[in-house]
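*Asks:* Chain by chain, the residues run as shown.
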Amino acid sequence: MARYLIRRLGQSLLLLWLVSMIGFAILYLAPGGPLSQFALTPGMSEADLQRLAHQMGLDRPLPVQYAEWAWRLITGNWGRSYRDNQPVLWVIASHLGATFELMASSTLIAVLFGSWVGILGALRRHSLFDALSTVGAMVALSIPTFWFGLVMIYIFSVELGWLPAGSRFTLGDGSLLDYLHHLIAPSLVLALVTIAIWSRYMRAAMLEVINQDFVRTARAKGLPERVILIRHTVRNALLPMITIAGLQLPTLLSGALVTETVFTWPGMGRLFLDSISYRDYPTVMGILMCSALLVLIGNLLADLCYAVADPRIRLD
Amino acid sequence: MALPVLPSLDRRTLLGVTGAALLGTGVRAQGASKPPAAPKGQVIVGLSQEPTRFNPLMPAIEVDQGVWWNLFSPLWGVLPDGSFNPMLAKEVPSLENGGISADGLTWRVKLRDDVKWHDGTPFTAEDVKFTIDLINNPKFRAGSRAGHDQVRDLTVVGPHEITWKMAEANAVYISRLAWTFLVPRHILGAVADPNDAPFNNAPVGTGPFVWGERVAGDHLLLRANPHYFGSGPYLERLVFKYIPDMTVMYTQFRTGEIDYTSIQGISPDHYAEAKKLANRVISVNPSASIESITPNLEKPQLADRAVREALYYGMNKKAIIDAIYYGLPTPTESFLPAQSWAYDSTLPKQQHDPARANKILDAAGWARGSDGIRAKGGVRLAFSDSTTAGNYAREQAQQLLIQDWKAIGAALTIRNMPAAVIWGDYYRLSQFDSVMIGVTFGIGSDPDVTDRFASWAIPAKGGSGRNPSQYANAKVDKLLRQGVAEFDPTRRKAIYAGIQQQVREDLAILPMFQYATIEGTKKGLVGYTPNINALSNCWNCGSWYWAS
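In the order they appear, the protein sequences are chains L and E.
Note that the numbering used here has the first sequence beginning at 1, numbered continuously upward.
Note that the numbering used here has the second sequence beginning at 1, numbered continuously upward.
Since the hints were made in silico from the structure, they are not lab data.
The reader is advised that the hints may include incorrect statements.
[Stated by the list, open to error] Which residues of chain E face chain L? A partial, calculated answer using Cβ under 10 Å:
hint: 1; residue: Glu50
hint: 2; residue: Arg53
hint: 3; residue: Asp149
hint: 4; residue: Ala420
hint: 5; residue: Trp423
A quick note: this is a predicted structure, and the numbers were derived from the prediction, not measured.
Where is the CB? At the ideal position from N, CA and C, for every residue including glycine.
Pulled out of the complex, with its shape left as it was, chain E reads as follows (with noise of 0.2 Å):
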């Protein structure tokens, strides 16, 4: 396998991580094949959502990043195992090497002397400045400020070398910078409008691929980098194609149209038939996407604990995952996916026990009605659960939890709507009852979840985070601090498992199972690693080639 940049790690050993991505990801060993001398031949990734959006610093989707990661660089990237990879920058700065002061306040980034923007231009540290620059800048439309908002005096020490100070130490800092894209000063820097600006369309980066076409609706087409600082490419084409509906998408993988399933990959019910294709390969790859109830812990049925704990007790997981989910997905008790290095194996398990919910709830005082759904001062025990309407396998989900639920005396009603419609307020100010979500909580492989649980990040309550249960804990609210200060990984890890027990005991979500994804390759492509930390399975097209 060839990494996108041989990694310098600052954290573990390159044969660790390598080791740790062969092994863990499920790469397949091709053997002795090796990668061509030059660029040859083409890889075609179909895509159920269309990449529309190729400034790196503007709001965009998963599907846009797989996109970036082959355009664009940032100065390190982060490895299927979670550690870092140098890319531009010459090392990841920390503690110990001194690129990260004691107090985590200063920090200092070395640059690669041999980088080229694709129009020839070198790259330098003008360019991180004015990329973190353009991020803060009140006109510019960035997707994203989080950790960028934190730096002050971004100082170009020389070509090749930059320095600046955080308001507060941010250890999450590194994991933002792992998907900061660096854009061109000379090219951005020079429009009067960046939000506007004809790079958008056709952008220039520092990638191992440079931007070929795009046919709107249809497909992008990228070409080989023949100066690419790192190694390969070793494609000559790399093509995007989207194709919106997945039986459709699952067709042309069967016919040999395109070349790899990406993103949403081949839907379960086509799992079966799938493996037994000639000349493809399927993979099974965990995600970091958490699927839960989440419940709106300021409404009075589900403000309380006990009604909380019960209906996790009654909920039959296994039949969920089995039934809907041919059994793919695992069943989890953390926020985070069980290939993080903060995960916490210790998190007591949920058994399906609908008799032990019933005692939980009568030694509460939740009292069943002549209609068998169960009452407490005047509280109903009936909530509704929403989720995206259309999504076939939540809503059968749904009508599952609404038998196993009924066994316990608690009423739940259906209310899915579309996309664009539950995501919006009705999710953001914590509108609903309860919903049925996949989230993938952390940044990259970073535990920081202070967005998603934090006293302060509730929206409905004027918070600037997203945290619309509504969970608010004094001792999370403390941990969470001290696990952004913190860059000991030790340290951290015990911090976010303290995070992820209270969590779980707080039952602030009732988490049902970790996502896997199944994608499927032509035999004989090489270098294809799936990256539970980069959002899309695109994120290393640059070692990727064809067995010979």
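Pulled out of the complex, with its shape left as it was, chain L reads as follows (with noise of 0.2 Å):
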């Protein structure tokens, strides 16, 4: 296991290094750059703008302004936003709370909830509920999730007035069910989505096992189903969703910036967005990294997982 681990982690910096120089060449090579909104401020003249470039350093080489921006970030400082001038990571940071927030109540929505309508799907295979839920994924799948947050609005918080338009909280407010009450439309927009994926891929998991021998030998055991269904079945099916539970590691980093912009929800998907639109490299970049390690970490911790949950699996 430590030898394998060591491999990963050298596979993982090696990877590190290519993303972030791919990543920052992409960046930089990109046409337009950070002063590009200034273009038009009143009052700022083409003088001031290259004097900018030069303060900021933009008007170096690019390997050199790589290679500074590397060591910096070797020895820990991510550098400042071009934005607003705090440090990348507060910036980061500041942003994964509501992205988190509304990620893990959809995921969790969506794990729960997909689960059961996929497991139930499979085992009445072919029946009306089997149908519906087949037809519901499809449609959820289908609907544009920027359509489908403005028709909650319009009709939960515009009509009835049940549910906020938007916003994280109630400024002035800000108590844990002020917090629920506006998670609610947006986690619910967020997890149509991901219901529609994990009852489909939890479907099609148990359809594979429940026909496996060892289902068939612990009914002939005369095991009771609930417990065939609990410990052979779902335990079996559950394997591939932790893969699927991995990759799905980095959203959390890389939010929904479509339910973010409907929510006005002040998450990394609109941090992200606005950090290219602004050409804000130090944040970019940072999130560039972030997410990297997010998809290698939830990679590892996938595999690892597998090796827990299947003993037929070892690392080494």
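Fit the two chains together into the complex; they arrive one by one in their own frames, and the hints show the way.
*Replies:* This is the structure we're talking about:
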């Protein structure tokens, strides 16, 4: 296991280095730059823009800028955002809470509800429930999130007045109930698609396991159906779900851009888009590196969980 | 209406200014409603861009300035009618009151002696000196040094008086200073690097509100400054809420979650519906931004004035304004807004006349080819137009222009790009054929456009201004120099009329219209006064209150 971990760590560092180089090059070579946003600002002149480019070091050769950025990163300095002059890690951390809240709640809803729909669909294959859940999943996957979010707001906020039209909390309130009240609509909208995905995966995994020999054997042994379902079928069907869950970890960082936009949710999706729009290089690179790190950690965790969940898998 | 600080005006009487502000800018009469004795309630301002820069001397965009007006104060502000009202200064210096010497080179400013920074430290002339010195500090990333870099011999005469000399007479500097917010020497002077100072995210100013809290990506909360030197503030809290999508912003305005839609306001397609909303007040406010087709005059197709004249006659402005912008903007011939004191209303009016456009091109030797597109001397009358990708209104306007100009034998192609791309080198270094662009040409209420139209302001030719159309006219150059050095308003007006006439004659830009912003407030909000000269209508939130 230790050798495996060391090998994976080495591979990961190499990957991170490659990601940083490619990401940096693409970002900096893309037309435009962090000063473009001021090109139309009244009162600022070309001389000001050129001076600022020089002061910010944007006029130096790309390899020099990369080397400086990479060295700072190694020494623990992620730089400061061009947008609000805050340390990059602080900027990312300040948006993580909102994203985590939204992603965790929607994922929880999706996993619980999606798995239930998937399991039931597989157990009652070709039943009315199965047909409805299949059609429902297709519809949920096809509905544009932006549209669905606005429809939710129109019905539950504008017409019925039951839910707030957006934001994470009411200014001046901010109690737990207030937070939860604001969380309902965005997490449901976001969960809709993930429920569909999870239910389809779960149904497929269950169908594969349900016809395996060991399930038949368990049934022949006379084990109660409930025990067969929980101990043998669902446990085995959950294996591929671990991979999916591992791959979903980076989404905690990337956020859900569309849902965040519709519900004015101050999460990572908005931050990433705003940072790219403003060519906030330090923040974009920071998010990129964190995402790459999370992808690697997610994969590693999935592999480790596999070993735990499936005794046939040994890591060495 | 309560103005931020009672102005003692040098160019207009108080009555005139207040009257103009009330009549000309759509201030709502609220009957006998009086401001509360103590700050009360809050206003939530919806913004489609996030304010992120809180050091008022660093590079920023309009939305940031809206916040600065409430946290900081300049020496004097600029009112909706273009006049100045003293804020940290006792009076606005002028030739008449002796604040500016007859040659325009020596300035003397007397300051109020009752102003304190938010932390209680008295404001003095040392802060003014520090601010201007900091802007000119080579290590400091100042947003703009224009004007400030001409200041010499900055001398603190006493705690509340300061003088300096200008390298050249510069009448525009009054307007530059009206957008220059003072920063505290005792805080920023004490840090090793003001670029990364904690102050930049927890600013201390002299404005009507003090820093409360910022939740990045969500909102900014300011609280009433109980020691504000002017009248107000009347609100306990002022909240700037970031709502990136215009449709969502409108929905939150409908549901009452925000009290005021600022900067981009309400999109024109929601205007008709918004007017019918109960307990909401919708106003259409003229903006200083002028929409135009800006040609690159070094491109052979567009260098010929006859071509630009024909394109202008071929443009159906009214169709664009009516069909795409719901008839809200006003057609214009000038680069200045109609509300500017220097606006020349006598400029010739454009007419949509394709027949005349065809005649002009025929006479100029642009002959139609077999494909219907004209050419002259091997140059086809074909060019591209670029604007910000995703700006649907402009993209539709471009489609109308393709039709309009096809009818006169000109082939227009579209080459749109994301904002960060198009307004980078592509625009600055004149790599485009033409752009569709909205520009605020003046500086506050000052009509100086040296940066935009002077021949030495072309970045593609090493210039230091913002003249990517590469316009160069010796007469305009001369007038621009005269305009900056002249302090007499009457003579200045004549100079800028001359510039407007020449730019219109040369068609350095094909002016389309003056933008109008649709903004909405909840009924009962008193004091909201659009200010075309302040870049943001949040310039006077210290005077806002709710009608009881």
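*Asks:* Now tell me if each hint is right for this structure.
*Replies:* Hints, verified against the model:
no. : hint   : result
1   : Glu50  : 7 Å, holds
2   : Arg53  : 7 Å, holds
3   : Asp149 : 9 Å, holds
4   : Ala420 : 4 Å, holds
5   : Trp423 : 4 Å, holds
Consistency note: the structure conflicts with none of the earlier hints.
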